[in-house]
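Each protein sequence line maps, in turn, to chains A and B. The first sequence maps to residues 1420 to 2020 in the working numbering. The second sequence maps to residues 355 to 724 in the working numbering.
It cannot be assumed that every hint is accurate.
Claimed, not checked - Pairs of lysine-lysine residues, derived as DSS-like cross-links and limited to a Cα-Cα distance of at most 30 Å, are as follows:
no. : chain 1 : residue 1 : chain 2 : residue 2
1   : B       : Lys458    : A       : Lys1479
2   : A       : Lys1728   : A       : Lys1656
3   : B       : Lys672    : A       : Lys1477
4   : B       : Lys379    : A       : Lys1477
5   : B       : Lys379    : B       : Lys417
6   : A       : Lys1528   : B       : Lys574
7   : B       : Lys476    : A       : Lys1528
8   : B       : Lys417    : A       : Lys1477
To be verified - Stretch by stretch, here's where chain A covers chain B in the computed footprint (C-beta under 8 Å, at least three residues):
no. : stretch
9   : 371-384
10  : 459-471
11  : 549-556
These are computed hints drawn from the structure, not numbers from a lab. Each residue gets a CB set at the ideal place from its N, CA and C atoms; glycine is no exception.
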Amino acid sequence: MAAPKKGRRSPGGQGRPGRVLALILIAMVALVGGMFASGRTTPRLGIDLAGGTSFTLKAKNEPGKPNAINETNMNTAVGIIERRVNGLGVTEAEVQTQGRDHIVVNIPKGTNAEQARQQVGTTAKLAFRPVLSIAAGGKTPEQQPSPGASAGSKDKNDAGKDEKGKPSGSPSPSASSSTQGRAVTDALKADGASTPTPVASDGKDDKAKDDKGAKKDDKSKQDAPTPSPADTAALQKKLDALDCTTKEGRAAANEAAARAGDNETIVACKKDGSAKEILGPVSVQGTDVSSASAVFDSQQGRGWLVQLKFTGGGSKKFANVTGQLATKPSPQNQFAIVLDGEVVSDPSVSSSIAGGQAEISGGFTQTSARDLANVLSYGSLPLSFGIDTQTTVTAALGGEQLRAGLIAGAIGLALVIVYLVAYYRGLALVALASLLCSAILTYTIMVLLGQAIGFALNLPAVCGAIVAIGITADSFIVYFERIRDEIREGRTLRPAVERGWPRARRTILVSDFVSFLAAAVLFIVTVGKVQGFAFTLGLTTLLDVVVVFFFTKPLMTLLARRKFFANGHPWSGLDPKRLGAKPPLRASRRRPSAPVDPKEA
Amino acid sequence: MSKLGTLGARLYRGEVGYDFVGKRKIWYGISILITITAIVGLAVRSLNMGIEFSGGAVFTTPKTSVSVAAAQKTAEDAAGHPAIVQKLGNGTLRIQVSDLSTEKSIPTQKALAKKLDVPQDKINTDLVGPSWGDQIANKAWTGLAVFMILVVIYLAIAFEWRMALAALVALLHDLTITVGVYALVGFEVTPGTVIGLLTILGYSLYDTVVVFDGLKEASKDITKQTRWTYSEIANRSLNGTLVRSINTTVVALLPVAALLFIGGGFLGAGMLNDISLALFVGLAAGAYSSIFIATPLVADFKERDPQMRALAKRVAAKRAATAKAEGGAEPEDERPDVQDASDDTATAGIVHQASPRNRGGRGRPSGKRR
């Protein structure tokens, strides 16, 4: 038969099978290439198969809160840590309590242990505080002017850097800036003068739902967020004493600031150590943030940012506070975003920010922005934790077991091949090629996802993949049976391939949709390992559809043109005689009493 | 192939076949029996929850040269519960045993101390909480409930409510049987087995939907003919897709069976056993229920539909009339027009497919039209 000529206008309306086939082959090559380019050729394995790193966290007793370490708080902490290390549910990390005040976190091999350590250990208590005053990061030997403060009004994060740039030791105030002392006093005046400012009222609100971890002292009990003049001097002294340039100094400062109550005025260091600030009481709390995400700002060239979305109440508070701040002189028009006692960012505001969004900017890399967004999204821990031990653990499932499983799986696959060849003969080639195609796609995507989102393969996922063999093979079997049914009707192979396809396609789509629905629902609703399973199921289901549409069908169309199949060679699996085909349909149709067409029966 | 192929053809044409729908009472009975056994098994021997659900005790040993496998055996023998043993980076062992309180764990601690040849107080015992807390389990249940509701809605739209209902019954049937087998065999319920259960859920529905799709197609124009009742058509469609069902089940079960019998039995892969048993039972039940339970149930529901009842009456009347007239080919009369309509495109395809061969493949651009 004139196959080459016919190729361009195949009878079934099937476009260009060769092209589709080439497309998916290119995709496969690209994926395999990507896998090799990425430097990893094996999927990340879960902790049950590969072992990993184990952290033991110990809840810290905070002074004044003896009963904070209880079951409820521990379980909440476990939940939050679980989501931090396993937000997408695909990393196969395990979190559990141990004893009364320990939490064990197991993270599969290949995860960045340092990063994980930070993720699990951070308390992540976020607060927005108004800036009252800013000084350079080092110990302040004498009063310093703060030219950076005015610069800060123009450019949010440069305050500290500017100061570093020109450390003019003289106390003489410039036109646009004030001395530290005056800055504070001004701020206090401003606060004191305005009758119940939103800041103050927010302070009350905050007090009402005061965070558990916050320690209230006398000052906050007086319900006066504004420090008295004596306090002002004390604060100024504290600020002067603060050394933000050394790591130890910052750590001490952060700890002190983190411990302070929401209604206290605090002194805190900037993250990069370039500045230290006096900060007013918390005006918007971290609990008012509903979600956080890392975005790259290409328009203004600020690099990676963490974008925060506020809850309804949070947006209102934030709009109020920023409105208030906008009217103030620099640096009091800045607000500081304080994370665990450290000023991450201190942007200035020029107008009230409505819309319930805020950004944290300043020296983030992609990873650090993502980590911070991740930590903020899942809320702060009710307790603070210290890392007791960090050690490697071996796989819970012995290597022998895994090997046994793999051998058994290989034997099973061999049996499948034998069965398919025995039953479908030549057609088994199509089935096996399709299975192989599906296997390559699944494997490479799993490897790549292991790097992109930390997808890890554990034993249940491996079993799921084995069951997926059945579901994938079913798609071919449905199609093959359709084709054979068409041949039994008396059709020749090429129309049979095209006629059988729409019906097989519908069956495949309808049934795969159910699988996909299961995967989607479970992925959205659940957490942890169930989510990981749902991810695998969804992936294999999608790949099943892709393979059948873009590989099996075009391959079938192409093969139908080959003599071996089209003429029904006994080994092709499509021999009309062996299939018990009826005489050609043309003849039978003419007969008045056409034999029953069973597809309607 | 040849014999099977011919059998396939005869099944397809309805020349041979098993009366699934007619004998449904037997199969219902068998299923009810199995399900009751499963439920009784569940009630008598409740599920053996693993450490991930129930928590347990964790032993930390000093640095030791005792192998992981040996320590695991000692711990399991002493505690009577499965143990998870991990070697830590510093050469010590972490042994987790489910369902043990600190007090009850003393014998295990003693046994381990003896095995490791260290004083008993060198082995640290601590309680460990479930890593699969209520939170994860609850969310999994919620997910399951949401999924079932959605899938019933979807099936009701894509097919009809009777099929949705039957699919749900089949699904519950499969899950009950699998869970029952779990309880009876006494396997530990781990996250792995829960996931195995979810896999079964997916497969069971998948298989049912494939069978229903054939049924839906077969019964498309059912009211336009008077030859067969719904039950008979359902039965024929079942027999028609039987080859596919058998092939798919074999292909799906072979790897799992290898995992269960070769991997688990011969090579002694403990944890693999749990999962592969769940999968094996579940997949088999899934394939069984879509043929023997789901479809007959749909037929049962359908026969209660007034339209189908009317059809059954018409069919009965027609058959009586035919029997009287003794006209063999008569029943065809109402069918040709239906068939023509659906076969038109096909015929076109056939004609021009056949023709290029005869006419040298020229001058017939018919392929383009479609």
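Each hint, compared with the structure:
no., hint, verdict
1, B:Lys458 x A:Lys1479, "holds, 29 Å"
2, A:Lys1728 x A:Lys1656, "violated, 36 Å"
3, B:Lys672 x A:Lys1477, "violated, 82 Å"
4, B:Lys379 x A:Lys1477, "violated, 61 Å"
5, B:Lys379 x B:Lys417, "violated, 64 Å"
6, A:Lys1528 x B:Lys574, "violated, 55 Å"
7, B:Lys476 x A:Lys1528, "holds, 29 Å"
8, B:Lys417 x A:Lys1477, "holds, 22 Å"
9, 371-384, "violated (count 0)"
10, 459-471, "violated (count 0)"
11, 549-556, "holds (count 6)"
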